[in-house]
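Student: Residue strings, one per chain:
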Amino acid sequence: MSEVEHKETPVENEEKEYVEDGKNKFIVKCKFCGSRILDKKSAKYITLEKDLPLMQQDNNRKEGEIQNEPVNEFYHVENMYTFENIGFTHTVANCKYLSCADCDAGPVGYYDNDTKHSYVAISRIVHA
Amino acid sequence: MAKTYDYLFKLLLIGDSGVGKTSILFRFSEDAFNISFISTIGIDFKIRTIDLDGKKVKLQIWDTAGQERFRTITTAYYRGSMGIMLVYDVTNEKSFENIKNWIRNIEENASADVEKMILGNKCDLEAKRQVSKERGEQLAVEYQIKFIETSAKDSLNVESAFYTLARDIKAKMEKKQEASNPAGARTGGHQLRNEPQRKPTSWLSRCSLL
Chain E
1 MSEVEHKETP
11 VENEEKEYVE
21 DGKNKFIVKC
31 KFCGSRILDK
41 KSAKYITLEK
51 DLPLMQQDNN
61 RKEGEIQNEP
71 VNEFYHVENM
81 YTFENIGFTH
91 TVANCKYLSC
101 ADCDAGPVGY
111 YDNDTKHSYV
121 AISRIVHA
Chain U
1 MAKTYDYLFK
11 LLLIGDSGVG
21 KTSILFRFSE
31 DAFNISFIST
41 IGIDFKIRTI
51 DLDGKKVKLQ
61 IWDTAGQERF
71 RTITTAYYRG
81 SMGIMLVYDV
91 TNEKSFENIK
101 NWIRNIEENA
111 SADVEKMILG
121 NKCDLEAKRQ
131 VSKERGEQLA
141 VEYQIKFIET
151 SAKDSLNVES
161 AFYTLARDIK
171 AKMEKKQEAS
181 NPAGARTGGH
191 QLRNEPQRKP
201 TSWLSRCSLL
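The listed protein sequences correspond, in order, to chains E and U. Mind the numbering: the first sequence is residues 1 to 128 in UniProt numbering, read in order. Mind the numbering: the second sequence is residues 1 to 210 in UniProt numbering, read in order.
No lab work stands behind these hints, which were simulated from the structure alone. There may be inaccurate statements among the hints.
Stated by the list, open to error - Restricting the straight-line Cα-Cα distance to at most 20 angstroms, the calculated cross-link-like pairs of lysine to any residue (SDA-like) are:
1) Lys44/E with Met80/E
2) Lys3/U with His76/E
3) Lys29/E with Met80/E
4) Lys41/E with Glu78/E
5) Lys56/U with Asn85/E
6) Lys62/E with Ser39/U
7) Lys116/E with Asp44/U
8) Lys55/U with Gln144/U
9) Lys41/E with Lys3/U
10) Lys55/U with Ser42/E
11) Lys116/E with Thr4/U
12) Lys133/U with Gln144/U
13) Lys153/U with Lys172/U
14) Lys55/U with Asp39/E
15) Lys62/E with Ile41/U
16) Lys56/U with Asp102/E
17) Lys116/E with Val92/E
18) Lys29/E with Ile50/U
19) Lys55/U with Lys116/E
20) Lys56/U with Arg36/E
21) Lys40/E with Thr4/U
22) Lys172/U with Asp53/U
23) Lys40/E with Lys55/U
24) Lys116/E with Lys3/U
25) Lys40/E with Ile50/U
26) Lys116/E with Trp62/U
27) Lys56/U with Glu20/E
28) Lys23/E with Thr4/U
29) Lys56/U with Asp39/E
30) Lys55/U with Tyr81/E
31) Lys29/E with Thr4/U
32) Lys128/U with Asn98/U
33) Lys29/E with Thr49/U
All chains should be built: construct the whole structure from the sequences, respecting the hints.
Tutor: Okay, structure coming up:
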């Protein structure tokens, strides 16, 4: 996992329909099973560049290889107990990946062991 | 920011290797994600939010998988835990016999008033059963601990086991509060939620604030 700068960009114009007052306007749910991950207005919308492993890795990939994709929109969760339902993996390179507590789909984001903050990838969840 | 929950309980899953603790926490057996990236790394803990008699309760549930090979769990792991699920496999006699050892380990390392519950897992594997339900019940009576048979594979009784354990912890906590704060001294849960959030040093002290 590559190092990233945790620079938060405040949303000036609310151009995103799912953002209100800089927070998630809607409930955040698992894309696959609908498990409730975050209550509405509980996390801050931020943009940052981060490579996350793909949720479904190609079975034909080389052994030990991890396929990543860049993700740049997140919900920033400062306190892990803000989550309604979420799984934390074992630590890999000073972070834990977040997974759905009900169907184990993931990573739906990551947790930084240093800051103890969590980041939910908006492209990997659904709003409801 | 207002507090968004009433209680936070740290729970541990303990028992021999292979009894299905990880399946109780991590349902990779049946779904499409069993080859996913997540299953290769494994789950450390989960946070679940449940409603208990109108109170919002956050459960932080830890798997001890990997550590149990040493037949003991260190004190550090028990620190702050308020509930422990003791898990054995009904198709594995040894795992059942070892529950007594795990209870001793808990008595030596965990807080004296930790709530416990015994789970006889894999009860879907009737043909392979080595431990009858009656023996599980007897053991539970002997130690005065609640008992239930579960099947993580079929999601049988797993959720209700967590509700039961959480309810017992909550009841114990409320009893303690009543003892230390006679009638009228406490504020209700709803009022508490509107209080400004204090910065407790640990989640344990946060709970004692309630």
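Student: Are the Cα positions of Lys56/U and Glu20/E separated by 20 angstroms at most?
Tutor: violated (25 angstroms)
Student: Hey, Lys56/U versus Arg36/E, does the alpha-carbon distance stay inside 20 angstroms?
Tutor: holds (14 angstroms)
Student: So if I understand the rule, the pair passes when the alpha-carbon distance is 20 angstroms or less; does Lys29/E with Met80/E pass?
Tutor: holds (16 angstroms)
Student: Are the Cα positions of Lys40/E and Lys55/U separated by 20 angstroms at most?
Tutor: Roughly 19 angstroms separates the two Cα atoms, so the pair holds.
Student: Within a Cα-Cα threshold of 20 angstroms, do Lys41/E and Glu78/E meet the stated pairing?
Tutor: holds (13 angstroms)
Student: Run the distance test for Lys55/U versus Lys116/E: straight-line Cα separation, threshold 20 angstroms.
Tutor: Violated, at about 26 angstroms.
Student: Does Val92/E lie within 20 angstroms of Lys116/E when you go C-alpha to C-alpha?
Tutor: holds (14 angstroms)
Student: Check whether the Cα positions of Lys29/E and Thr4/U lie no farther apart than 20 angstroms.
Tutor: holds (18 angstroms)
Student: Below or equal to 20 angstroms on CA atoms is what counts here, so check Lys55/U against Tyr81/E.
Tutor: holds (15 angstroms)
Student: With the threshold set at 20 angstroms, check whether the alpha-carbon distance from Lys40/E to Thr4/U stays at or below it.
Tutor: holds (12 angstroms)
Student: Taken at face value, is the distance from the CA of Lys3/U to the CA of Lys41/E at most 20 angstroms?
Tutor: holds (13 angstroms)
Student: Holds or violated: are the alpha carbons of Lys23/E and Thr4/U at most 20 angstroms from each other?
Tutor: holds (16 angstroms)
Hints 8, 13, 19 and 27 from the earlier list are contradicted by this structure; the remaining hints agree with it.
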